[in-house]
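A.B. asks: Protein sequence lines correspond, in order, to chains A and B.
Numbering-wise, this note's numbering puts 77 at position 77 of the first sequence, and it's gapless, one number per residue.
Numbering-wise, this note's numbering puts 14 at position 14 of the second sequence, and it's gapless, one number per residue.
Calculated from the structure, these hints are not laboratory results.
The structure displayed is predicted, hence computed values, not measured ones.
A few of these clues could be false.
Copies of the same chain look alike in the list, so a pair counts if it fits in one copy or across any two.
In silico DMTMM-like links for lysine to aspartate or glutamate, alpha-carbon gap of 25 Å or less [said to hold, decoys possible]:
1) K108 - E85
2) K24 - E85
3) K173 - E85
4) K173 - D62
5) K196 - D62
6) K196 - D69
7) K114 - D186
8) K24 - E195
9) K173 - D100
There are 2 protein chains.
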Amino acid sequence: MGSSSAAPWKQLLLNSIQANSHLKHYSYFQLATVAPNNTPSNRTVVFRGFQDESDRILINTDARSRKIDDLKHLPFSEICWYFTETWEQFRISGPVDVIDGTNPDPFKLQQREKSWFACSLRSRLQYMAPTPRLPSLSEQPSPIPSLDPSIGPVAAFCVLVLDPQQVDYLNLKSNERLIFTSELNDDREKLWTPEKVNP
Amino acid sequence: MGSSSAAPWKQLLLNSIQANSHLKHYSYFQLATVAPNNTPSNRTVVFRGFQDESDRILINTDARSRKIDDLKHLPFSEICWYFTETWEQFRISGPVDVIDGTNPDPFKLQQREKSWFACSLRSRLQYMAPTPRLPSLSEQPSPIPSLDPSIGPVAAFCVLVLDPQQVDYLNLKSNERLIFTSELNDDREKLWTPEKVNP
Numbered sequence: 001m002g003s004s005s006a007a008p009w010k011q012l013l014l015n016s017i018q019a020n021s022h023l024k025h026y027s028y029f030q031l032a033t034v035a036p037n038n039t040p041s042n043r044t045v046v047f048r049g050f051q052d053e054s055d056r057i058l059i060n061t062d063a064r065s066r067k068i069d070d071l072k073h074l075p076f077s078e079i080c081w082y083f084t085e086t087w088e089q090f091r092i093s094g095p096v097d098v099i100d101g102t103n104p105d106p107f108k109l110q111q112r113e114k115s116w117f118a119c120s121l122r123s124r125l126q127y128m129a130p131t132p133r134l135p136s137l138s139e140q141p142s143p144i145p146s147l148d149p150s151i152g153p154v155a156a157f158c159v160l161v162l163d164p165q166q167v168d169y170l171n172l173k174s175n176e177r178l179i180f181t182s183e184l185n186d187d188r189e190k191l192w193t194p195e196k197v198n199p
Numbered sequence: 001m002g003s004s005s006a007a008p009w010k011q012l013l014l015n016s017i018q019a020n021s022h023l024k025h026y027s028y029f030q031l032a033t034v035a036p037n038n039t040p041s042n043r044t045v046v047f048r049g050f051q052d053e054s055d056r057i058l059i060n061t062d063a064r065s066r067k068i069d070d071l072k073h074l075p076f077s078e079i080c081w082y083f084t085e086t087w088e089q090f091r092i093s094g095p096v097d098v099i100d101g102t103n104p105d106p107f108k109l110q111q112r113e114k115s116w117f118a119c120s121l122r123s124r125l126q127y128m129a130p131t132p133r134l135p136s137l138s139e140q141p142s143p144i145p146s147l148d149p150s151i152g153p154v155a156a157f158c159v160l161v162l163d164p165q166q167v168d169y170l171n172l173k174s175n176e177r178l179i180f181t182s183e184l185n186d187d188r189e190k191l192w193t194p195e196k197v198n199p
């Protein structure tokens, strides 16, 4: 199901991750969406790996954040991931699946549970914080809630799965650019075509 | 106008620029736009300063790049600027003015000329390179064209001016978030209102 043949850009991306992994921010990228009023939005999120052996990208987010409204309006996004050590940029675009606790698909709920337990306790606590973007009422930071490490995902925990359709790779050191486009074959497997283009 | 009273987020941003300026990538941010097919696009661009004393943000780009098509479709963008040293994020959104060589406004053409001469010779040469995104025909890098340092902007040189309407500031060290929203008063000056919100 698309995971049988590795996407040709995936090894390039794994190499970049490896070469930048000594930097705390190596896993941060910017996720662009279209808001319900049709304007663009953009924010930094954290790469949480690939789904199983596929090329689908996992992101954790708060179900109460505005990007969820954006993705309900238009379930499509472009990631811009710039690697500061190796001067490489990956622009990765495709449809995004939003998995919250109300999802009817047991396989997806299992992914959500797996993503939850892969988070540090500190990260999990963020999903118990007051609603993002509402006025901050207190001068003091909120008391840290306690969390049983064995309990599953809380209501606000949400997983995004971006299924890449196109990847635009730019290397600012070699000044090379490659665009990988995909199409589905009759078995609904993605077939990737790379093209070397002017930067 | 709008330059008479400084935007309250501008000093925060200048502080972040200062505190990160030892890093080559401090001036890189991601610019999100909406493509003519209504999907989001996202790419890294370089901060080229503020226009005069205002809070308007300058970006240089190639008139042949796809972001120009996006901005003609919807002249509005959100910048996401993450500072890796200080763990601060600025999301800056607003309308974008596209200034190319065909602009009828002499003041805007003057800005374009000023931006051109503020570029290094190396940067200026990029605008004489083969059209971005077209197939790269040669195995060898193109011969470097020669450029008289005294000649003005070439046709492909284009300046974007983003006029901030909203700024969403997040500090991941202090876990504080401030949203600055603007409205125009009767003199068409921007009035900014900051609000402390939950991160």
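A.B. asks: All hints, please: hold or fail.
C.D. replies: The hints, checked one at a time:
1. K108 - E85: This pair counts as neither: shortest intra-copy Cα distance 35 Å, inter-copy 36 Å.
2. K24 - E85: Both: 12 Å inside a chain and 10 Å across chains, each within 25 Å.
3. K173 - E85: both (10 Å within a copy, 23 Å between copies)
4. K173 - D62: between (36 Å within a copy, 19 Å between copies)
5. K196 - D62: Between copies only: 19 Å across, 38 Å inside.
6. K196 - D69: For K196 and D69, the Cα distance is within 25 Å only across copies (22 Å; inside one copy 36 Å).
7. K114 - D186: neither (31 Å within a copy, 54 Å between copies)
8. K24 - E195: Neither: 32 Å inside a copy, 29 Å across copies.
9. K173 - D100: Cα proximity of K173 and D100: none, with 40 Å in one copy and 28 Å across.
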